[in-house]
Amino acid sequence: MSGEDLGHWIDEIVKFNFLNPARKTLLQLWKGYGKVEDVYTGNEGPIKSTKYSRFAIVAWPITHHLLHVVIHMPAEFAVEELLSLRPVNAADLRNFLRAISARHGWGPANHPFTMETSVRFTRSFFELLVDAGDVDLVKLFLTKYCPRLGNSYGNETAVPAIIKIANAFVWSEIGESLLDILDNGFHLDGENRGHSNFELLLHVADSVNSAEAQQALLKMALEKELNLRTVKGVGIFWKRIIIPGDAQTFKEMRDKILKVKPSELGPFVEVFTKNIDDHDTTVKLGVLEVIAAKRMDWLGGEINRFDEVDKTFSWKMPFAKYPGYPTIERFLHSPEESMTTVGLVKFSDLRSAKKFAREWTRSPYEASFRMTAGENKEPFLTITKTRKWHNDAQEELMQYREELIQLSERFHGAQKRARSRAE
10 MSGEDLGHWI
20 DEIVKFNFLN
30 PARKTLLQLW
40 KGYGKVEDVY
50 TGNEGPIKST
60 KYSRFAIVAW
70 PITHHLLHVV
80 IHMPAEFAVE
90 ELLSLRPVNA
100 ADLRNFLRAI
110 SARHGWGPAN
120 HPFTMETSVR
130 FTRSFFELLV
140 DAGDVDLVKL
150 FLTKYCPRLG
160 NSYGNETAVP
170 AIIKIANAFV
180 WSEIGESLLD
190 ILDNGFHLDG
200 ENRGHSNFEL
210 LLHVADSVNS
220 AEAQQALLKM
230 ALEKELNLRT
240 VKGVGIFWKR
250 IIIPGDAQTF
260 KEMRDKILKV
270 KPSELGPFVE
280 VFTKNIDDHD
290 TTVKLGVLEV
300 IAAKRMDWLG
310 GEINRFDEVD
320 KTFSWKMPFA
330 KYPGYPTIER
340 FLHSPEESMT
350 TVGLVKFSDL
360 RSAKKFAREW
370 TRSPYEASFR
380 MTAGENKEPF
390 LTITKTRKWH
400 NDAQEELMQY
410 REELIQLSER
420 FHGAQKRARS
430 RAE
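Numbering (the numbering used here), first residue to last: 10 to 432.
Be a bit skeptical, because a hint or two may be false.
[To be verified] DSSO-like, lysine-lysine: derived pairs with alpha carbons at most 27 Å apart: (1) Lys293 to Lys330; (2) Lys260 to Lys228; (3) Lys228 to Lys173; (4) Lys241 to Lys293; (5) Lys293 to Lys260.
It is worth saying that the hints were derived from the structure and are not from the lab.
Small disclaimer: the values here were computed from a predicted structure and weren't measured.
I would like the entire structure built from these sequences, with the hints used as guidance.
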């Protein structure tokens, strides 16, 4: 036994039995339940900390290993176990998909609340599909179980496997289904995002072997909102769309680039600067000067804003936003380190408190904190600030100053010319 953490799944409430009369959830039953510290009274602090946990030893015949993994373990772990047994033939892979989807409620049978696979599961299953070589199984997975990957957190890790799928099968047979899963899916506001559909399409198009596939991927990308968050993505955009594009294509892309928020123009300025010199006689230089000027104006504003933050460490997070909960927002602005939601937010049970914590710590608005669920007379959350936001703010301030110096040296006078063009 390695002691490896196999991850967590749904915090299910088990059926009533006399060994669990309170009907506690699995997480409540198996979580660590106590802590003892032996402490020196001097400056040494705690020298020993003991946390009590519950463990169960489970064993099964190796011949039934995969079956029990499907039944008892998270889907991502199950498919990675199957991946370690490759190659897996198409019939076994189909049976696995049928069993795992039934276990976790995936697929169209659960419409309108369709559950779909995760990015981590998808990238592993794609590898198995390439080995199996069954085009019908590929189409089944793409159309019935695979989520739309655009904007999904961590989707960049699936790009190599997507490219393998595109290269392993005839594009005319899988192309339409593959294009559909590269579009944007549904995501809550504030969630951490991965590559947009535009960027995802470009990354795949850059490495596919088929000219037909590349053309279809780029055509779909051109129809989407221009949303690129990385230097690599903008580099592919320059190589695959700007350079080979005609005058009309460049005009359309120029109009889209000029609508990009200044906060997101950094990668564009960096890539365009590497590929355009001051003697360029095309309209590309004019576009570069305009976006560089917008970026410099924004950097100046951000530097002034961050200059208001305490240089020495403080728990104050002056720009924090917490929509709908002004008391929590005021706490984030204050020098206090922690607070509880007692009397502020009412939870029906500990489970709903944990759900609230998961949803509100995905992507805090200009703040960093953790939420811990607890229960006294009623469930509550303890909100504790972390140092991450302050440290990140100081690091960003240094980066912004360095970037502004470099751009000012390269584009001396560009801001004035950009404003005259706008007028």
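Verification of the supplied hints:
Taking the CA atoms of lysine 293 and lysine 330, the gap is near 38 Å; set against the 27 Å cutoff, the hint is violated. Straight-line distance between C-alpha atoms of lysine 260 and lysine 228 comes to about 16 Å, which keeps the hinted pair within the 27 Å bound. Between lysine 228 and lysine 173 the alpha-carbon distance is near 20 Å, which keeps this suggested pair within the 27 Å criterion. For a cut-off of 27 Å, the pair hint linking lysine 241 to lysine 293 stands: about 19 Å separates their Cα positions.
Under the criterion of a C-alpha separation no larger than 27 Å, the hint pairing lysine 293 with lysine 260 is consistent with the structure, at around 10 Å.
Comparing the model with each earlier hint shows a violation of hint 1 alone; every other hint is respected.
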